[in-house]
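*Asks:* Could you slot chains B and C onto chain A? The hints should help.
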Amino acid sequence: MNNEIKAVFATVMGALYLGFGILEIGSWIVPGLAAMVVAPADILGGFVLCVIGLVFLAGVPGLRSGTPGAIAFLFVGLLLSLAFGLVAILTTGAGWLETALFGDLAEWSAAEMAVPMLFLASGSVAGYAAWGREFFRGIARA
Amino acid sequence: MTGLPLAFVPEGKKVTVSEVRAGPGMLRRLASMGLHLSSCVEVVCADRGSLIVSVTGCRYALSRGMALKVLVQEAGA
Amino acid sequence: MAKKITIALAGNPNVGKSTLFTAITGTRQHTGNWPGVTVEKKSGSVRHRDTDIEVVDLPGTYSLTAYSEDEVIARDFIIDGKPDVVVQVVDATSLERNLYLTTQLSELGVPLVIALNMADAAEQRGDIIDRKKMAEFLEIPVVRTVGSRGEGIGDLLDAVIRESGTSPHHEHSIGYGDRVEPVIADLVEALRQDPGLTSRYPPRWLAVRLLEGDGDAEKKITASRARDAVYTILSGVDAGEYEAMMADRRYEVISAVLPQVCTTCVREMTASDLIDRVVTSRYLGIPIFLALMWGAFELTFTAASPFMAMIEAVQAYLAVAATGIRPEWLATLVGDGLIGGVGSVLIFLPNIFILLFLLAILEDSGYLARAAFVMDRLMYSIGLPGRSFIPMLVGFGCNVPAIMATRTIEDRNDRLITILINPFISCGARLPVFVLFAGLFFPENPGTVIFGLYVLGIVVAILSAKLFRATVLPGKPSPFLMEMPPYRLPTAMTSVRHMWDRGSMYIRKAGGIILIGAIVIWALAAYPAGVEYGSAASYAGMIGQAAQPLFAPLGFNWEMTVSLIFGFVAKEIVIASLGTLYGVGEDAGALEGALLADPALGCVTALAFMVFVLLYLPCLATMAVIRKETGSWKWTAFSVIFGTAVAYLLALVITKAGAVIGGV
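Chains A, B and C are the protein sequences, given in the same order. Residue numbers for the first sequence follow our numbering, beginning at 19 and rising by one. Residue numbers for the second sequence follow our numbering, beginning at 16 and rising by one. Residue numbers for the third sequence follow our numbering, beginning at 36 and rising by one.
These aren't lab readings, by the way, just hints derived from the structure by calculation. Just so it is clear, CB atoms sit at the ideal spot from N, CA and C, and this is done for glycine as well. Careful, some of the hints might be misleading.
What the hints assert, rightly or not - What the simulated footprint calls covered on chain A by chain C, stretch by stretch (three residues with Cβ under 8 Å from a Cβ of chain C suffice, anywhere in the stretch; the number is not a length): (1) 69 to 75; (2) 89 to 96; (3) 112 to 121.
To be verified - The calculated lysine-lysine pairs, modelled on DSSO-like cross-linking and capped at a C-alpha distance of 30 Å, are: (4) C/K669 with C/K501; (5) C/K501 with B/K84; (6) B/K84 with C/K511; (7) C/K76 with C/K39; (8) C/K76 with C/K669; (9) C/K167 with C/K39.
Just chain A, same shape as in the assembly (with noise of 0.2 Å):
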C-alpha cells in the first residue's frame, strides 16, 4: 500500500543519511573513515545528515500504523534533504568559480561533487516528485 512504500522508503533514506553522518562524524575519532565511503570528514555536516536521517527515520513507525501526521516526518525530511543537497551543489559550485577564475581549473575535479549531501539528495526527487504535490496543495505565495 501506499503507506508501506512510503515507510520503506523512509527507513533506507533514514538509515542512509544516518549512517553517513555517523561516518563522517567518525572521521574525527578515527581518520579515514568517511573516506573509505567517499564522504569528507566533516563533523559539523555530518550532524546535519544525521539529523536527517533521524527526521526520516522519526516518521517510520507513524506511517507503519498508517498515523494521519506521520507523513509530515517524511516530507520534512524530504524538503531538508532537497535543501541541504542545494546547498552543497551551491557550495561546490561556488569553489568551482572561484577556482575558474583565479586558480588552476585543472586542479578541481568533479570527484569534488561527490559528496552524501549531494547524492543521497537525489534519492529525494524522486520522493518529491512522487508524493510532493499531494502535500504542498495550500501552500500560498509569500
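*Replies:* Only chains B and C this time, still in chain A's reference frame:
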C-alpha cells in the same frame, strides 16, 4: 468558575477560554489576536506546556509561562 | 489639474502589506523616519487617473491600543496626519482576526477601504468570501487584491479615489451595549466642553479609548479643560472590566457578520500544522534549527568567497591605477585612504548580503517564527525572550540592522538587554582580522579557531545577558506569544527586497561614516607633512605610541594599538590600518610576511588580538544605532565601556595564560 490552564491541554483538543490572568497590556494584546473570554481555541502542537494553538483560524505559539495564564474549559461546557 | 491625495496602508503584521505597498508604488518609494521615534517610515507615490497619490506604509499592528510604539505611530498618523483614505490590508485567510482592527479603524472617522489581500491563498483553500455582502455589512468598500501578483491594484486605487471624494465622513462605530453606551455618551458630552479637543480627535473614539484605560488617550486630555469632568466619569468605572466587555462586543459583531460573508473559512489541521509538529517537536526542533543555521553559514562563507575575490581584484586594480594620480598627496588619499579604507568594507558585501538573503528566505517562509519559538525555552533561561532571537541571528551579518530588528520587542528591559549584547556577536566586519591572523598563526586549523571565536562571542553575549539580568536590568523576560503565519513559498523578489532593506544599511555605513573615517585616518597617517606614510613619525604613529603602554600588558605593539583605535570607526578598518602602518600598502601578501616577521607577534598575542577585536566596543555605526534605538547616551556609553573592559580582561587572561603555558 475557572478552569484548567491551557498549558495542560493535550494536542488536538478544543477548548473555550474562561479566564485570562494577565496585566492590561497583555490582555489587550491577546484580545487583538482573538484570545479573549469564551473564544474557541484548538491545541495544534503541545510540548511540555508550550503550545501552538489555533484561534479564529490563525496559529499562535505560546510559551509555557504564557499558557499557564490562560484558563480554559471543555468546548461546549 | 491633477488632484493630490494622501493615503495610509494599515493592517495586521504578515498580511502582505509591504508586498502590496511595493506593488502600488513600484520603485517610487523612500524610507524616512517617523518624527520623534525610531521607527522607519516608508512612503511612496503613484499616479492613477489624473490623481497623485502619496502612499504611507504604517507599521503592522493587531489593534490600535497604546501598547506598543508601532500602534501609537499608526493611529497618530491617522488622526494627526489626516490621510484622505486609509486602506486596511486584510489577509483573506484570517478574516476574523483582521476584522478586529477594522472595528477600531472605523472608529477613527476616516474614509476606509479594505484590500482583501492574499485572495489567491483563500481561493486555493476553498474559501468563498462574498465581497459585496461584506462591503454592505461593514459599510466599507472591499477590493480583491493579490499583492504578490499585482492583481487588483487598479480597482483598489479606483476605490481609494472614489472614497477620497466623499465627505464629510461619518464614523461607523459598533454599539457597545446598554451598559457601556451611556458612559460613552457621558464622556462625549464632557469632551465636547473642549472644542479644541474635539476638532482634533473624533469625540466618540476618544471616549472609547479613555474608557479602555488607554494611556496615550489620557495623555491627550491632561491639558484639556474637559479633563476633570472626564476623570469624574472614569473614576466611577472599572476600566479593565469595560475594556473586556468592549473587546467581547467587537468579537460578537464580527462573529455575527462573518458567517454571512464567508464560508469554509476555518480549516482543520493543515499541512502547515503537520510540518509544525515536526519542526517544533521536543527532540527534533533544535537539531533541525541548528542544521539549517549551519547550512546558512556554510553557504554564506563559501558562496561569498568567489565574489569577495572578485571585489578584491577590482580593488587591487583600482589601487594600482590610483598611484598614477597627481598631485601625489591625492594619489595616496584616493589609493590608500579611500580605496583601501572603503574597499575593506565593500569586500564584505557578498558575505553580508548572502546571509541576510538566506535569513530573509527563512523569515518569509514563516520558519523563523517557529525557530524563535523552539529557541524560546533556551532564551528564557538566559534571561531573554524568544523574540530576541532573530535580531541575534541578523547580528552575524551586521550589528546595525540587527539592533534595528529589536523594535518588535515590546518590553523595554528585554529590548535593552538584546541591544546591549548584540555587539558581542561576531559580525561580518571582524572576519578579515580573524581570517588573516588565524591563517597566519594557526595554520593547522584556522577554521576551528575562527569557529571558536564565533562561539566565544555567543558565550560572552549569553553571560552578559545573565549579568545584566542579575544586576542593572532585573526582571523576567516577557512570556512568549507570537503569531505563527502559515508556511508560504517565499518569492525571490520579496526576499531580495527584505535583504536589501537590511543590507542597504551596511552600504550606507560604507558610504557615510567609513568614508569620512577613512579620510581622517589617511590624514593622520600622512601628516605632519613630509613624514613617511604610516610611519611612527606621523600623527597616527604618535597616537599609537602614546596609547601603547595601555596595551603593553597584552603584548600589542603600537601599530596594533593604533589599528584598534581606528577600528572604532569600523572594524573592517583594522586590517587596512595594519597594512598602512606596516608600510605595505594594499598587498595583503606582504602584510602577512611583515606580521610573521615581527618578533612581537606570536600565537598568543595573535589570539589575544583577535579576541580583543571580537569583543571591544561596537563600531561607530553600531554605536549610532544603539544611541538611536535606546534614545540614551548613558546606555551607549555603557556598551562602549563594558565591551572594551570585557575585551581587555579576556585578552589579558589569554596573554597571561599563554605566558604560563610556556609561550608558544
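*Asks:* All hints are to be evaluated individually against the structure, with a verdict given for each.
*Replies:* A quick look at each hint next to the structure:
no.	hint	result
1	69 to 75	holds (count 4)
2	89 to 96	holds (count 5)
3	112 to 121	holds (count 6)
4	C/K669 with C/K501	holds, 20 Å
5	C/K501 with B/K84	holds, 25 Å
6	B/K84 with C/K511	holds, 15 Å
7	C/K76 with C/K39	holds, 20 Å
8	C/K76 with C/K669	holds, 26 Å
9	C/K167 with C/K39	holds, 28 Å
Against the hints set out earlier in the document, no violation occurs for any number.
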